[in-house]
Every structure is written in C-alpha cells, then in structure tokens.
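This is what each chain is made of:
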Amino acid sequence: MKLVIGLDGQSSGDKALSFAKEIAGKTEACELIVVYVIEWSPFSFQTAEENAERHKRREEEISIAMERVVTPAVKSLTDAGLTARAIVRHGDVADTIDNIAHAEGASQIVVARSSAGGLTSRLFGSSTANLVMNARVPVTVVA
Amino acid sequence: MHKITTLLLSVMAYIAVSLPAQAQEAPASLDARVNEAFANFTGPFVSFIFAPIPGTSFPWIVMWLVIGATVFTIYFAAVQFRFFGHAIGLVKGDYSDPDDAGEVSHFQALATALSGTVGLGNIAGVAVAVGIGGPGATFWMILAGLLGMASKFTECTLGVKYRNEYPDGTVSGGPMYYISKGFDELGLPGGKILAVLFSVFCILGALGGGNMFQANQAHAQITQITGDYPGYITGFIFAAVVFAVIVGGIKSIAKVTEKVVPFMGVMYVGAALVVLLVNFDMIGWAFGQIFAGAFTGLGVAGGFVGALIQGFKRAAFSNEAGVGSAAIAHSAVKTKEPITEGFVSLLEPLIDTVVICTMTALVIIISQQLIIDQATGNYMLNEAGTAIATVDGNSGVALTSAAFGSAISWFPFVLAIAVILFAFSTMISWSYYGLKAWTYLFGEGKVTELIFKVIFCAFIVVGAAANLGPVIDFSDAAIFAMAVVNIFCLYFLMKVVRKELNSYASRLKSGEIRKFTH
Numbered sequence: 001m002k003l004v005i006g007l008d009g010q011s012s013g014d015k016a017l018s019f020a021k022e023i024a025g026k027t028e029a030c031e032l033i034v035v036y037v038i039e040w041s042p043f044s045f046q047t048a049e050e051n052a053e054r055h056k057r058r059e060e061e062i063s064i065a066m067e068r069v070v071t072p073a074v075k076s077l078t079d080a081g082l083t084a085r086a087i088v089r090h091g092d093v094a095d096t097i098d099n100i101a102h103a104e105g106a107s108q109i110v111v112a113r114s115s116a117g118g119l120t121s122r123l124f125g126s127s128t129a130n131l132v133m134n135a136r137v138p139v140t141v142v143a
Numbered sequence: 144m145h146k147i148t149t150l151l152l153s154v155m156a157y158i159a160v161s162l163p164a165q166a167q168e169a170p171a172s173l174d175a176r177v178n179e180a181f182a183n184f185t186g187p188f189v190s191f192i193f194a195p196i197p198g199t200s201f202p203w204i205v206m207w208l209v210i211g212a213t214v215f216t217i218y219f220a221a222v223q224f225r226f227f228g229h230a231i232g233l234v235k236g237d238y239s240d241p242d243d244a245g246e247v248s249h250f251q252a253l254a255t256a257l258s259g260t261v262g263l264g265n266i267a268g269v270a271v272a273v274g275i276g277g278p279g280a281t282f283w284m285i286l287a288g289l290l291g292m293a294s295k296f297t298e299c300t301l302g303v304k305y306r307n308e309y310p311d312g313t314v315s316g317g318p319m320y321y322i323s324k325g326f327d328e329l330g331l332p333g334g335k336i337l338a339v340l341f342s343v344f345c346i347l348g349a350l351g352g353g354n355m356f357q358a359n360q361a362h363a364q365i366t367q368i369t370g371d372y373p374g375y376i377t378g379f380i381f382a383a384v385v386f387a388v389i390v391g392g393i394k395s396i397a398k399v400t401e402k403v404v405p406f407m408g409v410m411y412v413g414a415a416l417v418v419l420l421v422n423f424d425m426i427g428w429a430f431g432q433i434f435a436g437a438f439t440g441l442g443v444a445g446g447f448v449g450a451l452i453q454g455f456k457r458a459a460f461s462n463e464a465g466v467g468s469a470a471i472a473h474s475a476v477k478t479k480e481p482i483t484e485g486f487v488s489l490l491e492p493l494i495d496t497v498v499i500c501t502m503t504a505l506v507i508i509i510s511q512q513l514i515i516d517q518a519t520g521n522y523m524l525n526e527a528g529t530a531i532a533t534v535d536g537n538s539g540v541a542l543t544s545a546a547f548g549s550a551i552s553w554f555p556f557v558l559a560i561a562v563i564l565f566a567f568s569t570m571i572s573w574s575y576y577g578l579k580a581w582t583y584l585f586g587e588g589k590v591t592e593l594i595f596k597v598i599f600c601a602f603i604v605v606g607a608a609a610n611l612g613p614v615i616d617f618s619d620a621a622i623f624a625m626a627v628v629n630i631f632c633l634y635f636l637m638k639v640v641r642k643e644l645n646s647y648a649s650r651l652k653s654g655e656i657r658k659f660t661h
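Respectively, the protein sequence lines represent chains A and B.
Going by the numbering used here, the first sequence opens with residue 1, and the numbers climb by one from there.
Going by the numbering used here, the second sequence opens with residue 144, and the numbers climb by one from there.
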C-alpha cells in the first residue's frame with residue numbers, strides 16, 4: 001500500500017504526519033510518500049531580472065523545502081521503522097498532490113485541515129478543499 | 144541607503160542643471176535649456192539614422208527594417224502563419240514538461256517581453272503616426288507588424304540558443320551573445336566587434352526609447368490633468384522611484400507593476416472596444432479611411448509615402464521586431480528547444496502592433512480628432528504643415544487621450560494612470576536590457592552596474608524636461624541603430640535558425656515532439 005502525505009510546512013502538517021504514521025504502523029508493507037508543493041503558476045507575471053534568476057531561485061526553494069520540512073518528516077517516519085521518501089514540486093498545491101498520488105498509484109492521500117482562513121479561502125477556496133473536490137484518489141483530511 | 148539616494152539625487156540635479164548651462168543663450172527656462180542642449184547634442188546621430196535614400200524622401204532605415212522582415216518571412220516560408228497555432232499551444236503549456244514546473248514558462252517569457260514593448264509606443268507612438276501620416280499609416284503599421292513576427296522569431300530563437308548559462312544558475316542572453324558566439328561557430332570574422340557595436344546602441348536605445356520617451360510622454364499625460372508645470376519635477380519623481388527599484392533593490396514596486404500592467408493592457412483594449420462599439424456604424428468608414436489613406440495619403444504631408452514611413456516607423460518602434468531587445472527578455476525561458484521560444488515570440492508583434500496599436504489608431508480615427516476638409520475629403524494640415532490639424536491641437540499621448548475622452552469622459556484619468564504604469568514598466572524592462580549590454584561591455588560588478596543605473600536615472604530627468612520632437616527623434620534613432628547591427632547579423636545567422644526549424648518541424652510531424660498529458 002502506498003500513502004501520500006501532503007505537507008504545508010505548518011504545525012497542522014504534523015498532525016497529518018502522525019496520523020499517517022499511525023495507519024502505516026498498522027498496515028503491512030506500507031510505503032509513505034511525503035509531498036511538499038511550492039505554490040507556483042506558469043501564468044504569473046515576472047520581471048526580466050526575476051526570470052534570469054528563476055532557475056537559481058527554484059533550486060534554492062527546493063533545497064529550503066527539503067531541509068526545513070520534508071527531510072525532518074521523512075526522518076521521523078524512517079526512525080519509526082517505516083519506509084518513506086520525499087517529493088518536492090512546484091505548482092498548484094491541490095493539482096500537484098493529486099497528480100503525484102495518481103501517478104504513484106497511491107491508495108490514499110492524507111492532508112491536514114486547511115490552514116488558510118478568512119477572505120482568501122472564501123474567495124479562492126483552500127488547497128485542501130480543492131483537493132477534496134477534485135482528487136482521483138481517496139483523501140483523508142486530518143483535523 | 145538613504146544617504147546614497149540623497150547623494151545621487153543631488154548628482155542628477157547637478158547634471159540636469161550644468162548640462163544645458165554649458166550650451167548657450169541666457170534667460171530661458173530650465174526645460175528649454177535642457178531641450179536645446181539635448182537637440183544639439185543628438186542632432187548628427189539622428190540625421191544619419193534618418194538620412195533619406197539618395198534621390199528620394201524615404202529614410203533608408205525604414206527600408207532596412209521592412210526588407211529584413213520580408214526576407215525572414217520568405218526565408219522561413221511564412222513561419223508566422225504556419226506555426227501560429229503551435230505557438231498558442233506552447234504558451235498554454237501543452238508542450239511543457241511537468242518536471243520543469245517552477246522554471247520560467249513560455250507564458251512568463253512572453254509576458255515579460257510584452258511588458259517591455261507594450262507601452263507608450265502603443266498609445267503615444269500610434270497617435271504620432273496617425274497624426275502625421277493619417278489613417279493610412281495604420282495599414283502600413285499592421286503590415287509591418289505581421290512581417291515583423293518573422294524577425295522576432297529569428298532573433299528570439301537565437302537568443303535562447305546562444306545564451307550564457309552560469310554555474311550559479313542565472314542566465315544572460317541577447318544579440319550580443321548570439322552575434323559573438325554565432326559568428327565564431329560559423330567561422331565568420333568580426334562577431335566580437337559587431338556585438339560591441341550592438342551593445343553600444345542598446346545602451347543608447349535603453350536611454351532613449353526605453354527611458355526618455357517614456358518619461359517625456361508620462362509627463363505630457365500628467366500635465367493634461369494637472370495643468371502645466373516643469374518637466375524636470377516629473378523627471379525627478381520618476382527617477383527617484385526607478386532608482387529605488389533598480390539600485391535600492393525594492394523589488395516589490397517592480398513586482399506590483401508587473402502584475403498591474405497586464406490588467407491595464409486588457410483594460411485599455413477593453414476601453415477601445417467600448418469606443419468602437421459605441422461608434423460601430425463608423426467602423427466601416429474608419430477602415431475605408433485606412434485603406435484609402437494607405438495608397439493616396441488623403442492629403443497628409445508627404446502623401447502616401449508619408450503614411451507608409453510613419454506606419455513602418457511606429458510599428459518598429461512599438462514592437463521592436465528586428466531590434467534585438469526582445470531576444471534579451473525571451474532568453475531566460477526553460478526549454479530544450481530554442482526554436483519553441485521563437486514560435487512564442489512571434490505572438491508579440493501580433494499582440495502589440497496588430498491588436499493594440501490598431502485599436503488606438505481606430506479610436507483616434509473614429510473619434511474624428513483629425514480635421515477633414517469637407518470640400519475635398521482630405522485631411523487638413525496644421526499651420527506648420529508638418530502634421531494633420533487636430534480638434535484641440537493635440538499630438539502624441541494627448542491626442543489619444545482626447546480621442547478616448549470624446550467617447551468616455553472619465554477615461555483620460557484612467558489612461559493617465561495606465562500611461563504612468565506602462566512608462567514605468569517599460570523603463571524597468573529597458574534598464575535591464577541596457578544593463579545587460581553595459582555589463583557585456585564593461586563586465587559584471589557592483590560598481591560598473593551602479594554607474595549605468597545612475598546614468599539611466601539621470602536620463603529620466605532629461606527626458607521629462609525636453610520637448611517631444613528631439614526626444615522622439617533620438618529615441619527612434621537609437622532603437623533603429625540597434626536594428627542596423629542586429630538585422631545585419633541575422634542575415635548571417637538565419638541559416639542556423641532554419642536548421643533548427645527543419646529539425647523541429649520534422650520531429651513534430653513524426654510525433655517525437657508531442658503534448659504532455661497534464
């Protein structure tokens with residue numbers, strides 16, 4: 001069984017992580033895939049200077065995400081004797097998590113409850129809500 | 144930081160004051176003195192670039208641009224029409240590898256390049272063209288835009304192919320790189336010298352069309368609303384903000400502008416459509432004027448040749464096809480196939496000239512700001528006989544503003560904001576193009592870069608203070624001088640592009656290159 005855990009780099013992500021850890025502990029031969037998506041759109045507007053430095057920034061963003069969020073999460077899972085690996089991608093959070101889960105043939109996605117609140121989530125919906133509505137793989141939302 | 148800002152502002156003030164003081168004549172306003180010194184200084188360069196072909200009144204440079212665009216269109220068998228659909232697919236991201244998410248997309252490269260070209264050329268430049276060359280200038284402008292798509296395709300493909308990718312992950316590209324590397328690769332001599340020459344003109348172009356013309360017309364637009372006041376005041380304010388962004392590193396201002404400008408562009412086209420819809424019964428008449436004027440001139444100065452020259456000139460100034468500036472902006476894209484950015488870039492003259500410039504022209508014609516002699520059906524000239532007489536004697540951006548204002552009374556206010564933002568974003572883009580040329584010449588480094596940035600800001604003040612005439616002449620001349628070197632080199636390098644095109648086209652046909660399923 002494969003489980004995809006979507007992290008958002010905030011404390012709520014830890015809850016998703018420990019929930020996934022619990023399920024995996026009870027399941028035989030469970031592989032955990034920790035996913036962190038850096039919000040990015042190919043249709044945003046940038047200055048020429050930003051474009052020239054984009055590749056460099058992308059590498060930096062990925063290494064920061066690896067260092068601060070993903071690697072510690074994977075470590076805590078492997079320390080608990082579980083099989084885990086990490087994926088960091090740029091893109092729309094909901095779409096990217098769904099695409100990865102679908103491509104990996106995962107049987108479930110575990111994410112935390114939306115951390116966005118107020119006007120933003122009312123206008124655009126949260127990533128979690130979008131994921132729940134559009135995912136092709138069952139989603140568990142951890143409160 | 145604050146201290147440096149104050150110091151540099153004082154330096155700029157000194158330059159602005161001392162430059163004209165050395166010129167001549169006693170009691171004249173600061174603006175007038177800046178103007179005179181500037182016109183005297185740039186005169187010979189301008190005369191050379193716009194020298195007529197012997198025995199005619201046709202400037203050789205306009206012929207140069209049109210012949211270039213025509214040669215590329217024929218050489219690549221009308222690539223701008225054959226691959227138009229494919230270009231749209233590329234911009235939509237149909238062919239982008241999902242693993243490259245987070246890199247510069249085709250859309251982003253196109254949007255960045257467009258924000259450098261969509262600006263006052265589309266608003267003020269078109270008004271100048273139609274004001275002097277009459278509605279017929281629009282026809283030639285559209286034709287130049289369509290042909291220019293092939294020039295853009297050629298230069299932007301080369302821009303990506305020969306860019307420099309540095310170990311730290313940043314990229315630099317543009318004509319200076321493809322000229323020197325491309326010529327070396329083909330075993331041709333003189334690549335380095337031509338690249339240096341291009342860089343010199345690119346710096347002048349950045350200071351002229353990418354800076355002074357923008358500052359000048361932004362000031363003209365502001366005074367339309369506030370009433371007249373000295374141009375150097377606007378110049379200092381603009382210079383301070385641009386300084387804060389390019390030297391102070393306050394990127395947030397540039398970021399906000401980059402996000403607002405596209406919406407301003409959409410709003411501008413939207414407002415033009417509203418004006419056209421309100422006067423829909425006159426659209427047929429307007430096109431009639433455009434076609435009739437294209438071949439007869441309808442009484443404009445210089446007849447139909449005058450219309451043609453104005454149309455071609457303003458199209459080239461607005462979409463910069465063949466100039467080489469876009470190759471700098473497009474070269475940052477992430478792609479394994481340089482030719483794909485060529486396809487994407489050919490959309491630029493289409494959006495800039497065929498759509499936006501034509502909208503401006505139609506609004507000016509339909510709003511009947513240009514005075515027609517009812518007896519002959521021809522346009523009446525102003526007292527000096529240099530341009531068509533307008534209802535309120537307006538020219539440049541003021542003419543566009545009055546044209547929109549005649550249909551939507553409050554629009555000049557929105558237009559003023561749009562003009563300021565367009566001017567600002569074009570300045571930021573060109574400060575980057577100029578800087579790339581500058582660092583190509585003098586090497587990269589904090590001090591050399593700072594020198595260029597300070598010069599750039601000082602020219603904003605001069606541009607805002609000088610009159611439209613000398614500023615537009617110098618701006619055109621500098622930008623066209625870039626095209627002289629660039630198109631000359633493109634003739635030698637176009638076979639490289641054709642090889643890429645043939646290889647890509649066959650792989651696209653065989654299905655080796657196909658859409659990614661997202």
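Hints listed in this document are in silico derivations from the structure and should not be mistaken for laboratory results.
The structure displayed is predicted, hence computed values, not measured ones.
Possibly wrong hints are sitting among the right ones.
No more than 20 Å apart at the CA atoms, straight line, and that leaves these computed lysine to any residue pairs for SDA-like [as the list claims (entries may be wrong)]:
#, chain 1, residue 1, chain 2, residue 2
1, B, 652, B, 330
2, B, 589, A, 50
3, B, 589, B, 315
4, B, 402, A, 21
Evaluated hints:
no.: 1; hint: 652/B / 330/B; in the structure: violated (32 Å)
no.: 2; hint: 589/B / 50/A; in the structure: holds (18 Å)
no.: 3; hint: 589/B / 315/B; in the structure: holds (17 Å)
no.: 4; hint: 402/B / 21/A; in the structure: violated (42 Å)
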